[in-house]
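Chains D and E are the protein sequences, given in the same order.
Here the working numbering is used: the first residue of the first sequence is 1, the next is one more, and so on.
Here the working numbering is used: the first residue of the second sequence is 1, the next is one more, and so on.
Incorrect hints may appear among the rest.
[As the list claims (entries may be wrong)] The calculated DSSO-like cross-link candidates involving lysine-lysine, where the alpha carbons are at most 27 Å apart (straight line), are: (1) LYS4/E <-> LYS304/D; (2) LYS296/D <-> LYS4/E; (3) LYS1/E <-> LYS124/D; (4) LYS13/E <-> LYS502/D; (5) LYS124/D <-> LYS4/E; (6) LYS60/D <-> LYS1/E; (7) LYS104/D <-> LYS13/E; (8) LYS293/D <-> LYS304/D; (9) LYS492/D <-> LYS124/D; (10) LYS187/D <-> LYS439/D; (11) LYS1/E <-> LYS502/D; (12) LYS13/E <-> LYS492/D.
[Stated by the list, open to error] Non-contacting residues of chain D with respect to chain E, defined by C-beta distances greater than 12 Å in every case (computed): (13) GLN217; (14) LEU354; (15) ASP424; (16) ASP479.
Derived from the structure by calculation, the hints contain no laboratory data.
Where is the CB? At the ideal position from N, CA and C, for every residue including glycine.
One letter stands for each residue in the lines below.
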Amino acid sequence: MGVSCRAAKGAMPTTVGGGLFLLSYENLSVVVSLLSKKRGTVNVFVSFVDREKIMIHRYKLNGYNIVLDVYSGSVHVVDDVAYDLIGLYETCSKGEIVWQIQEKYPDVLKEEILECMEDIASLKEAGKLFSQDTYAGIADGLAGHTPVLKALCLHVAHTCDLSCSYCFASQGKYKGERALMSLEVGKRALDFLVENSGGRRNLEVDFFGGEPLCNWQVVKDLVAYARSIEKEANKNFRFTLTTNGMQVDDEVIAFANREMHNVVLSLDGRKEVHDRFRKDHAGRGSYDRIVPKFQKFVKARGGKDYYIRGTFTHYNTDFTEDILHMADLGFTQLSMEPVVCALEDPCALTEEDLPVLYGQYERLAREMLRREKEGRGFTFYHYMIDLGHGPCIYKRIAGCGSGTEYLAVTPWGELYPCHQFVGDPAYSMGNIWDGVQNKALQDKFGKCNAYSRPQCQDCWAKLYCSGGCAANAYHATGDIAGIYEYGCKLFKKRIECAIMVKVAEAEMREEDETI
Amino acid sequence: KRIKTIETRDLAKSAGCGECQTCGVANQPCEKK
Numbered sequence: 001m002g003v004s005c006r007a008a009k010g011a012m013p014t015t016v017g018g019g020l021f022l023l024s025y026e027n028l029s030v031v032v033s034l035l036s037k038k039r040g041t042v043n044v045f046v047s048f049v050d051r052e053k054i055m056i057h058r059y060k061l062n063g064y065n066i067v068l069d070v071y072s073g074s075v076h077v078v079d080d081v082a083y084d085l086i087g088l089y090e091t092c093s094k095g096e097i098v099w100q101i102q103e104k105y106p107d108v109l110k111e112e113i114l115e116c117m118e119d120i121a122s123l124k125e126a127g128k129l130f131s132q133d134t135y136a137g138i139a140d141g142l143a144g145h146t147p148v149l150k151a152l153c154l155h156v157a158h159t160c161d162l163s164c165s166y167c168f169a170s171q172g173k174y175k176g177e178r179a180l181m182s183l184e185v186g187k188r189a190l191d192f193l194v195e196n197s198g199g200r201r202n203l204e205v206d207f208f209g210g211e212p213l214c215n216w217q218v219v220k221d222l223v224a225y226a227r228s229i230e231k232e233a234n235k236n237f238r239f240t241l242t243t244n245g246m247q248v249d250d251e252v253i254a255f256a257n258r259e260m261h262n263v264v265l266s267l268d269g270r271k272e273v274h275d276r277f278r279k280d281h282a283g284r285g286s287y288d289r290i291v292p293k294f295q296k297f298v299k300a301r302g303g304k305d306y307y308i309r310g311t312f313t314h315y316n317t318d319f320t321e322d323i324l325h326m327a328d329l330g331f332t333q334l335s336m337e338p339v340v341c342a343l344e345d346p347c348a349l350t351e352e353d354l355p356v357l358y359g360q361y362e363r364l365a366r367e368m369l370r371r372e373k374e375g376r377g378f379t380f381y382h383y384m385i386d387l388g389h390g391p392c393i394y395k396r397i398a399g400c401g402s403g404t405e406y407l408a409v410t411p412w413g414e415l416y417p418c419h420q421f422v423g424d425p426a427y428s429m430g431n432i433w434d435g436v437q438n439k440a441l442q443d444k445f446g447k448c449n450a451y452s453r454p455q456c457q458d459c460w461a462k463l464y465c466s467g468g469c470a471a472n473a474y475h476a477t478g479d480i481a482g483i484y485e486y487g488c489k490l491f492k493k494r495i496e497c498a499i500m501v502k503v504a505e506a507e508m509r510e511e512d513e514t515i
Numbered sequence: 001k002r003i004k005t006i007e008t009r010d011l012a013k014s015a016g017c018g019e020c021q022t023c024g025v026a027n028q029p030c031e032k033k
């Protein structure tokens, strides 16, 4: 059977299987479908799809067939027939869909297929499937928007009582000299935040380092100062403390549990994994000293937020074991992040690690569901998506806010887009007395989102990551507007698992209600 | 019934108060719910 097509110059015909030929030209796809000759006739169907305006993502995981409608955020759980049908719906005619589905599923009646197609049409009509991308204007608006500050990462200590070789902050010194933030600099930073926060009421401050407990008195004094000004300024300060745990004692626990909205406690998991990198200056591992303190800290926290936060590297690609170890220690709010380091570093994750890491994320999801059923569940930061009340489209497009809504402050009051740029002179933005001086750099960060990155246009996850981390992109490509592809791959796997977990949890709730 | 739809926030309807927490965006809870 010969096929000849006349197409616009530049159209690229490709065979996509099943008698389908796809002609792509700019944003338009023309799908030419040829039915088999065995029915005695050759039928040709042509349909047009504006690919740029709609996007769905279909995947199978842990026994679920999941369809994500990217632009509405809708999630559908479907059977095998509907899964295949949705895949054909926008590129095939009704007649061909019926034929293809019946070829694959001989027991399915034509009426059933047509009924399923009606359901799909209803979902499309309701804007829950094959919905249109109408958000480009929002992205353009955000790019020209005057930034309003709402969060600071206060580097109260550029020094640390540990000497972790994988530390992105060069053992807390950020490639510079050891330094502690003075109370005067800290107070000015808080005033700067209030002055530049516009009408926003909730203001976030993370005490960070280095190790912030190396400057604990200043941390406490800054909290007291913030509490003294927040009422008059009509602001609500929410503090976070990130600590390695070495200097945690009863006084730290009592203060942090009273004043800190969240605490992030660094633990990498199993003792041998943790102690490989997280050593003191004498070369001794810290696991045995910090775990009992963290257990006491969390127990006294009384339900307030905390995260046990680990880093995994090439040396523990079986990181799910470390997360489960944290859970077995009694911790229930867990986070585990891939290491950020130079590609040539021995602890850097490799392409060969990827299939292992994918498997680990899937295993983690299954194990979480299993433990939830057993009444000993735990949460994992990256799987904590709220499908019903998650972030609005503005947040999903604006991204993390680095360089615009969120700035890092050094011990001497210099401003950087975020903690991962501190120490790089090219990314110094100004200071807390004169404000942001490098407006061009701030504008560049303001335009840094999924809609400004050509590589993100066809990515189904773009409204979950908003183009990803600018610092990771910079370190991987030399450009904050670049793409850290390795991070993208891990992110997409995490989101697939996160949605699956939410689907499974919804199913478990339904089962409970039925009982 | 071959398709079950999970309840999700309608992104088109969500088209900005800025009160949510900043450091992906997927797991940032909406302050207003």
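Now the hints, each set against the structure:
no.: 1; hint: LYS4/E <-> LYS304/D; verdict: violated (35 Å)
no.: 2; hint: LYS296/D <-> LYS4/E; verdict: violated (44 Å)
no.: 3; hint: LYS1/E <-> LYS124/D; verdict: holds (16 Å)
no.: 4; hint: LYS13/E <-> LYS502/D; verdict: holds (22 Å)
no.: 5; hint: LYS124/D <-> LYS4/E; verdict: holds (14 Å)
no.: 6; hint: LYS60/D <-> LYS1/E; verdict: holds (19 Å)
no.: 7; hint: LYS104/D <-> LYS13/E; verdict: violated (38 Å)
no.: 8; hint: LYS293/D <-> LYS304/D; verdict: holds (17 Å)
no.: 9; hint: LYS492/D <-> LYS124/D; verdict: holds (25 Å)
no.: 10; hint: LYS187/D <-> LYS439/D; verdict: holds (24 Å)
no.: 11; hint: LYS1/E <-> LYS502/D; verdict: holds (20 Å)
no.: 12; hint: LYS13/E <-> LYS492/D; verdict: holds (25 Å)
no.: 13; hint: GLN217; verdict: holds (25 Å)
no.: 14; hint: LEU354; verdict: holds (18 Å)
no.: 15; hint: ASP424; verdict: holds (17 Å)
no.: 16; hint: ASP479; verdict: holds (20 Å)
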